[in-house]
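> One line per chain: the protein sequences are A and B, in this order. Each residue of the first sequence is one higher than the one before, starting from 457 at the first, in my numbering. Each residue of the second sequence is one higher than the one before, starting from 131 at the first, in my numbering.
Honestly, the hints are just simulated from the structure, not real lab data. Misleading hints may appear alongside valid ones.
Here are the simulated lysine-lysine pairs, DSS-like style, with alpha carbons at most 30 Å apart [to be verified]:
| no. | chain 1 | residue 1 | chain 2 | residue 2 |
| --- | --- | --- | --- | --- |
| 1 | B | K201 | B | K179 |
| 2 | B | K236 | B | K179 |
| 3 | B | K236 | A | K465 |
| 4 | A | K465 | B | K201 |
| 5 | B | K191 | A | K513 |
| 6 | A | K465 | B | K199 |
The residues making up each chain are set out below.
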Amino acid sequence: DSGVTQTPKHLITATGQRVTLRCSPRSGDLSVYWYQQSLDQGLQFLIHYYNGEERAKGNILERFSAQQFPDLHSELNLSSLELGDSALYFCASSTRTGRNEQFFGPGTRLTVL
Amino acid sequence: AQSVSQHNHHVILSEAASLELGCNYSYGGTVNLFWYVQYPGQHLQLLLKYFSGDPLVKGIKGFEAEFIKSKFSFNLRKPSVQWSDTAEYFCAVSRNSGNTPLVFGKGTRLSVIA
Numbered sequence: 457d458s459g460v461t462q463t464p465k466h467l468i469t470a471t472g473q474r475v476t477l478r479c480s481p482r483s484g485d486l487s488v489y490w491y492q493q494s495l496d497q498g499l500q501f502l503i504h505y506y507n508g509e510e511r512a513k514g515n516i517l518e519r520f521s522a523q524q525f526p527d528l529h530s531e532l533n534l535s536s537l538e539l540g541d542s543a544l545y546f547c548a549s550s551t552r553t554g555r556n557e558q559f560f561g562p563g564t565r566l567t568v569l
Numbered sequence: 131a132q133s134v135s136q137h138n139h140h141v142i143l144s145e146a147a148s149l150e151l152g153c154n155y156s157y158g159g160t161v162n163l164f165w166y167v168q169y170p171g172q173h174l175q176l177l178l179k180y181f182s183g184d185p186l187v188k189g190i191k192g193f194e195a196e197f198i199k200s201k202f203s204f205n206l207r208k209p210s211v212q213w214s215d216t217a218e219y220f221c222a223v224s225r226n227s228g229n230t231p232l233v234f235g236k237g238t239r240l241s242v243i244a
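In isolation and in its complexed conformation, chain A is listed as follows:
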């Protein structure tokens, strides 16, 4: 158990819908990263938040957005879902020391039908 929690574990929805994935970092970690894992693209970085502020964006679609709240939990919002958005979505947190050791949550498996 890494100490990073994600809900829900599984999500099945239809094309065109909107979903919200939630992540709580390890106690004391200020950084939250979101990654998408799919069979064809592998593990891809989506977005990084540090203490409530967006720090970096990766291959994140405009239909996707995220935020980090004052209690440091983060939410990833996916809208106008397409079949190709089906994937595992992981969040990770890291300490403030700058060594960038990231601890991953169990992931949310999203299936778009």
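Take the given structure of chain A and dock chain B to it, following the hints.
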């Protein structure tokens, strides 16, 4: 931009065989290097990490990796694999400058047969 190459897509070994998984990265600056393991149906777990110092790093479960700066490589090794090592292994790199995203390789699937 950084990139990570893992040369082997799928490796099949018998129990007690030795393992070496290749990883090369492209980035000119100072990097942090990681190997993560993902057991079937589970999340990513950190196997080992390199930040600086001794280029031979030891991780959990008997794994080790060697950083060779001149070759931009960070290969993972284990002298004797077990059936329970069956998993997907990911090499990752990040810039050594604060909290930065990880760039992952495509992963290597290891199947250990009895």
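> Hey, K201/B versus K179/B, does the alpha-carbon distance stay inside 30 Å?
holds (18 Å)
> Has the given pair, K236/B with K179/B, been kept, meaning a C-alpha gap of at most 30 Å?
It holds: about 18 Å lies between the C-alpha atoms, which stays within 30 Å.
> Check the hint pairing K191/B with K513/A against an upper bound of 30 Å on the C-alpha distance.
Roughly 34 Å between the alpha carbons, so the hint for K191/B and K513/A is violated.
> Holds or violated: are the alpha carbons of K465/A and K199/B at most 30 Å from each other?
violated (39 Å)
> Can the restraint linking K465/A and K201/B be considered satisfied, given a maximum Cα separation of 30 Å?
Roughly 40 Å between the alpha carbons, so the hint for K465/A and K201/B is violated.
> Run the distance test for K236/B versus K465/A: straight-line Cα separation, threshold 30 Å.
Given that 30 Å is the threshold and the Cα spacing comes to 23 Å, the pair holds.
Of the hints listed earlier, those the structure fails to meet are numbers 4, 5, 6, in rising order.
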